[in-house]
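Visitor: So the chains spell out like this:
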Amino acid sequence: MRRILFLARAEVLHVVRDRATLAQVLVVPVLQLLVLSNAATFLVTNTPTYVVDFDRSSLSRGLVTRFRASGHFRVDEQSESPELANEALLRGDATMVLTIPHDFETKIMRTGTAAIQLAVNAEKGSAAGIVQAYASSIASDYALELAASRGASAGGSEAPPTRGAPRIDLRVRSWYNPALNYKYYMVPGILVALVTLIGTLLTAQNIAREKELGTLEQLNVTPMTRGQFIAAKLLPFWGLGMLNLVIGLLVAALVFGVPMRGSLLLLFGSAAVYLVAALAIGLWISSVVDTQQQAMFVTFFVMNVYLLMSGLFTPIDSMAPWVRTVSQLNPVRHFVTISRAILMKGAGFADIAQPLLILTIFGAVTLALAIRQYSKRVS
Amino acid sequence: MSALAGLFRKEVYHILRDRRTLIVIVALPILQVIIFGYAIRTDVDHVRLAIVDPAPDPVTLAIRARFGAAGVFEDVALVPRIEMLEELFRRGTAQGAVVFEAGFAERLARGIPTGLLIIADATEPNTGSIVAAYATAVVQGYQQDALPPRGAVRIVPSVRMRFNPTRESSNLFVPGLMAFVLTIISSLMTAISLTREKETGTLEALLVSPLRPWQIILGKVAPYLAVGFASVVGVILEARLVFHVPLRGSLGLLLLEGLLFILVSLSLGILISARTSSQRVAMMGALVGTMLPTMLLSGFIFPLESMPWPLQALSVVVPARWFVLVARSIMLKGVGVAYLWRPTLVLLAMALVLLTASTRAFHERLDQ
Chain P
1 MRRILFLARA EVLHVVRDRA TLAQVLVVPV LQLLVLSNAA TFLVTNTPTY VVDFDRSSLS
61 RGLVTRFRAS GHFRVDEQSE SPELANEALL RGDATMVLTI PHDFETKIMR TGTAAIQLAV
121 NAEKGSAAGI VQAYASSIAS DYALELAASR GASAGGSEAP PTRGAPRIDL RVRSWYNPAL
181 NYKYYMVPGI LVALVTLIGT LLTAQNIARE KELGTLEQLN VTPMTRGQFI AAKLLPFWGL
241 GMLNLVIGLL VAALVFGVPM RGSLLLLFGS AAVYLVAALA IGLWISSVVD TQQQAMFVTF
301 FVMNVYLLMS GLFTPIDSMA PWVRTVSQLN PVRHFVTISR AILMKGAGFA DIAQPLLILT
361 IFGAVTLALA IRQYSKRVS
Chain G
1001 MSALAGLFRK EVYHILRDRR TLIVIVALPI LQVIIFGYAI RTDVDHVRLA IVDPAPDPVT
1061 LAIRARFGAA GVFEDVALVP RIEMLEELFR RGTAQGAVVF EAGFAERLAR GIPTGLLIIA
1121 DATEPNTGSI VAAYATAVVQ GYQQDALPPR GAVRIVPSVR MRFNPTRESS NLFVPGLMAF
1181 VLTIISSLMT AISLTREKET GTLEALLVSP LRPWQIILGK VAPYLAVGFA SVVGVILEAR
1241 LVFHVPLRGS LGLLLLEGLL FILVSLSLGI LISARTSSQR VAMMGALVGT MLPTMLLSGF
1301 IFPLESMPWP LQALSVVVPA RWFVLVARSI MLKGVGVAYL WRPTLVLLAM ALVLLTASTR
1361 AFHERLDQ
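Which chain is which? The protein sequence lines are P and G, in order. Read in order, the letters of the first sequence are residues 1 to 379 in the working numbering. Read in order, the letters of the second sequence are residues 1001 to 1368 in the working numbering.
Extracted from the complex, chain P is given alone in its bound form (with noise of 0.2 Å):
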């Protein structure tokens, strides 16, 4: 045990010695999880829209009024020509053109329907669809408002038409995020991709360091048994694991409100298990490669796998299905679950066991192999 505390007290030395590593590994993720954390959204405001209204009626302009009106829609022009719209469109000054044709309103009087064309810039795919779907619902309210209307100067003769009819009153609710807040879902999820970032990194290149400076052949004369030497070598990078955790936590609640529903007791628990895994993996990359331009490069790859597949940024059910199976194997897709579980929805023991578990192996595994791979080293 006092082996491993002198060689982790080396370690400790080493990171906060150098005070741009040090800065690297505690300044540098608040920031960005103070910066990031905004960037990180889907959701669509203020598309800038391109209106053709050939029509030019009371009507057509209040429909101009509802889009304006929404929030999710800025008028920058309006012509009524489709070529300057198109134009528009290709230079990506519009996202969407919004085309009301001549007989919009004489339809509306006459039939009660009236078509409209939106032609959307699909190119920036996830957001079209929700563009889409404001649209549409921007439109359906219109004419709701206008049938409205329509009954009240009908003089009451034909009875609105919702009353008497049957009729199914449907309501939607968003649970755990009403306010459809992307920082709730997204600050757990950066905080955790930051920790295993700089977790991994610096574990990565730690023995890969000690080969070429040839301390490693000092460490190997020494009494120190593989398993102290990788303890050793884990135990003050977990520590800064947990420390990092905690700083963001606290960056999390205070600055962002993100709400924290379950157990921290659960979440720092879970963590502590999850970062075993995440700093091994770190470990056996270390001790597998030759040079730290190695290790540099399959961390790099390893971590781009890591976040990108983790449900982080998009979410698991959208992946091809092989994807979604091979990414069980992800340890941050299971600590990302359960953090966003505990914190979100308030879940507790039982209702993240089984990535639990998964990481609890994972650990053990990843621990056993950075044990062997040292190993082979010393033979």
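Hint data in this document are derived by calculation from the structure and do not stem from the laboratory. Predicted model, so just to flag it, every value in this text is computed and none were measured. Don't take every hint at face value.
Cut-off 30 Å, straight-line C-alpha distance, at most; resulting in silico cross-link-like pairs (BS3-like, lysine-lysine) [to be verified]:
#1 K1010/G x K1198/G
#2 K211/P x K1010/G
#3 K1198/G x K211/P
Computed footprint of chain G on chain P, listed as stretches where at least three residues anywhere in the stretch have a Cβ under 8 Å from a Cβ of chain G [to be verified]:
#4 113-119
#5 130-144
Note that CB positions come from ideal geometry on N, CA and C, so glycine has one too.
We have chain P already, so just place chain G on it with the hints.
Guide: Relative to chain P, chain G alone:
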């Protein structure tokens, strides 16, 4: 000039001798684009639905059948009481739920407003809204067919999805991925190559040689530019052949822009290494400094328009943001230089500024 040629030769040898690294550099972007092309998608085409139907009757069965026929819903649970949903949602077994009131058909027949509640797991707001929208559409469809309203006004939007009619996720994300993967690989390559020379002390030898700082930088950048270009070609081929991303614009223009973008990323790597002292700091800088910001601020996953303005302003300095724009415009919209001169100029300016700044950084080093 022959000194410069010598430096070129030395760099090429360095790259070629270290086979493992060379393979990694060329193969990594291609491999990553494959994996992520299949992983980074936002389509919601499979919704796990729980149904709360305390007293099934013909109408609730008809609506449930419509959910089944919609093609996107998979029934995962049928429970009698709403309280039982909590656990299903907490475990992620269900993403959405439809809750029928008891005596549904009877109330409906008597003309009493009949409650139907749709619940969506909005932990991830985007998926949550889409799930709610799908479910609402199913119920409204039933209502329109089975219970037609009287004297209503309808405005029917006909929607055209321009440039990507099927809204295929890969068409959107693959061009973005190119930019993302290439930035990091390229900036990492030069960052490491230079700092290694610093650590092994061979940089001092280069500095006292008759080579001028700009020549050293040129000698470092040029060979890697060739390697990076090979990756660009590989990634474009892959986008066409594996993901069938359309290439509506000019291939030549795309390749040129790709080359320009690689130059910017390589210069970024040089600047990082010129300013840092050890491989550890350089790599942490290159990775921590570029990975998440490029992922998030390039508009490759999250639309830039949705970000608050300070972040939109910040994204202007992220090189990948401009290349994502260029690659998508050329591949999906098929536009030419007439529309792309602005991002191209920005990339050119970035290359110039970064190269000048790194040359400066070397001058300072000489002064010490």
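Visitor: Does each hint hold? Answer for all of them.
Guide: Tested hints:
1. K1010/G x K1198/G: It holds: about 16 Å lies between the C-alpha atoms, which stays within 30 Å.
2. K211/P x K1010/G: holds (25 Å)
3. K1198/G x K211/P: holds (18 Å)
4. 113-119: It holds: at least three residues are needed, and the stretch 113-119 of chain P offers 7 whose Cβ sits within less than 8 Å of chain G.
5. 130-144: Coverage by chain G holds for the stretch 130-144 of chain P (10 residues, Cβ < 8 Å).
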